[in-house]
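Produce the complete structure using the sequences and hints provided.
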Amino acid sequence: MSEMKTVETEMKAIVFQLLDEEYGVDVHQVRSIERIQEITRVPRTPSFVKGVINLRGIVTPIIDLRSRFDLVETTYTDETRIVIVNVNDLEVGMIVDSANDVIDVPADSVEPPPKVVGGIEAEYLDGVAKLEKRLLILLNLERVLNPEEIITLRQFKEKSE
Amino acid sequence: MDMNQYLDVFVEESREHLQAINEHMLKLENDPAEISIVNDIFRSAHTLKGMSATMGFEDLASLTHQMENVLDAIRQRKVQVTDEVIDALFESVDHLEAMVESIIAGGDGKRDVKDIVDKLNAIEKGKKQTPRTIDSKNGISGDGLDEFQRSILDQSVEQGLNPFTVKVTLEKSCILKAARVYMIFNVIEQLAEVIHSAPEVSDLEEEKFDHEFTVTLISEKEAIEIKEKISKVSEVEDVQVESYHTKSSPKESVEVAATMELEKSQEKKAENKGQNEPSVKSAQNNKTIRVNINRLDHLMNLFEELVVDRGRLEALARQLNNGDLTDTVEHMTRLSSDLQDALLTMRMVPIDQVFNRFPRMIRSLAKDLGKKINLEISGGETELDRTVIDEIGDPLVHLLRNSVDHGIELPERRSQAGKTEEGTISLVSFHSGNHIFIEIEDDGGGINREKVIQKAIENNIIDEVYAKTMEDHEVFQLLFASGFSTADTVSDISGRGVGLDVVKNKIESLGGQITVTSVRGRGTKFAIELPLTLSILSAMLITTGPETYAIPLSNIVESIVIPKSEVMKAHNQLVIDFRGKVVPLLSLREVLEVEGEPEEKDTYSIVVVRKGDQYAALIVDRFIGQQEIVLKPLGEYLSNIFAISGATILGDGKVSLILDCNDLIK
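Chains as they are written, first to last, in this note's numbering: chain G, 2 to 162; chain S, 358 to 1023.
These are computed hints drawn from the structure, not numbers from a lab. Be aware that a few hints might be false.
[Said to hold, decoys possible] Taking beta-carbon pairs under 8 Å as the criterion, some of the chain S residues facing chain G (in silico):
id : residue
1  : 665
2  : 904
3  : 950
4  : 993
5  : 995
6  : 998
7  : 1001
8  : 1002
9  : 1006
10 : 1008
As the structure is a computational prediction, the values presented were derived from the model and not from experiment. Cβ coordinates follow ideal geometry from the N, Cα and C atoms, glycine included.
Here you go:
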């Protein structure tokens, strides 16, 4: 029983940075972390869709997470990483400022998200984990990677044209 | 026993048998006196019964069993082949198909077949169908066996097995009766096959019995051995093993014998044939194996990786300019294109698989509509990629329904027009070059141009002024516009709002095209053109700005360079004169929103692409050349991107997008 409890009350999170904040996603949702590489632009997509890359033979879509959340975009550096995640069989790469840590997040440290944190609206968040010296924003990837939003955006764009 | 490993085989084979039954039923309908056809159907039904009983699909087995009885009665000339009989048999096949489909979908294949079984039963007994009464126990006689179980016993006797009834009495002091029952059944199952037990096994396991129970079983062992083995279980007081006498009526056993003889004589015939013409026999023993389509897909994926690497090697060889390397790479290129051919042929299946369900469908449609229709199929052996086969069925069904409903006229109308009462729909398939053609032609009334135009104007698809200038083929093409149906009344068969536009979209998504031609009063022909394979295609690589795109060769008419001065303007649209045709000119750079300004040149590099008989000219920056590319999906996240049908990985490892010319031509 005690073992069960640890599973329930703790998750492992991949930590990455965007602007000045630290974010976390469940390690089970992360396939790999890649360095930035050449991206082929896909025309007529929302601006946060940067295009597609060749990920070991599989064509994988890439979004810029800063742009996704309407944060200030920046040039890519040696630190820039692409976090490849898999949510509901959607495989998507997310460009982040850097990613270099895996930590345990006890469930009792997670609080519901405030309305806006780090410039990101609560609907994209699962919660905020308060750890000893750091604050970790937990993303709700299902919402962040909702393909319907792309379609809505595209329709909006087509109408405005 | 774990049956899962056999499930695939079961499904495949039952489909084949159902198909065979369907085909023979159609023949029988045309030739009701031909007993050899009944024999063919009987054999398929018989095999199906055996297979489904083994797999534990009881409803399937009991229905096929009842079918068998009726067929047998026909064979014995006790029952006449009437429409009623044929319809009942067809209905049974429908039930069987539904059950098999349910099994395929992971279900248990259960289905309420009581009604149809009763119907068949009535036919077999030579009675008109009577309303259902509470005679469900009808088939069960005093020994608690139902007809199906008894037939198994009968068959086991034929196979030289011994049926027994075993009466086991446990000691009165026995406490854990269920455990003993379990042990006894364990022993029995090693010796024999249990057909029936009274009380039922579930009741036995719940100890819902006194101290005795009876088991009917078949075994190749002798009674004495069975008795000994069971007696070894502790707390068993007494075991009585008796030979079971099959109580089937003499009539039935004669029938069985007749079947056996018939089959034997046929076997003999086959043997004789084999001795006389050994070469024929070896040709018939075409060696095939069934391979799961997933494995072939996997092989294809591996090969696609290889094609990408081949591209990379080719690029490297050109760079390094080393003679030996270039030779080796060229050899590898040749080998891999042979490999590609071999792989693609492996994935090919004859289109018969799709066609063979149509005769049934047309038959019942024609019957429902009171029309007489003869369906002629040819080219069923034409092979298509498996993925296309899976997708092409629905569009064809739609077109055929369309021909039956809107194409072929009612018999009276046909005689008035001086045609035969029976209409003909021909379904033809053939290869040509890198394409497959499928044509559906009827000798019906043809398309009424005025009616189409009227409808199109009503539905705001075209305006009246434009309608007058339209040529026939343009008018017919309107049938494919969304929300179109020319039938006067909405019928069950077609015209339910989903129209030919769905068919067209599907075919285009398969990389194909559909056209329609028609002569008033003479008939209509739909022609479908499909690419042989989907995942590897020849394409031309072009650049626009810094980006490289691939255009499928199947879409390209020509690539040309023309001076800028030859570009004209019409209705605010740039156009060029291409072989006497006015073709709209599009800048790919603008369409694809490529950043930067085009180079200043005096000429345009143009790729002329087509969709059906419509053309468009695309301005590109540079032609790179022709290449075999592997189509890869962009993934669900980026589905339905405008003018992009997928991506491919080039020799240098970069991803290049594939243009979807259908979106560029409006």
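Quick rundown of the hints versus the structure:
{"no.": "1", "hint": "665", "verdict": "7 Å, holds"}
{"no.": "2", "hint": "904", "verdict": "7 Å, holds"}
{"no.": "3", "hint": "950", "verdict": "5 Å, holds"}
{"no.": "4", "hint": "993", "verdict": "6 Å, holds"}
{"no.": "5", "hint": "995", "verdict": "5 Å, holds"}
{"no.": "6", "hint": "998", "verdict": "6 Å, holds"}
{"no.": "7", "hint": "1001", "verdict": "7 Å, holds"}
{"no.": "8", "hint": "1002", "verdict": "12 Å, violated"}
{"no.": "9", "hint": "1006", "verdict": "5 Å, holds"}
{"no.": "10", "hint": "1008", "verdict": "12 Å, violated"}
Checked against the numbered hints above, the structure breaks hints 8, 10 and satisfies the rest.
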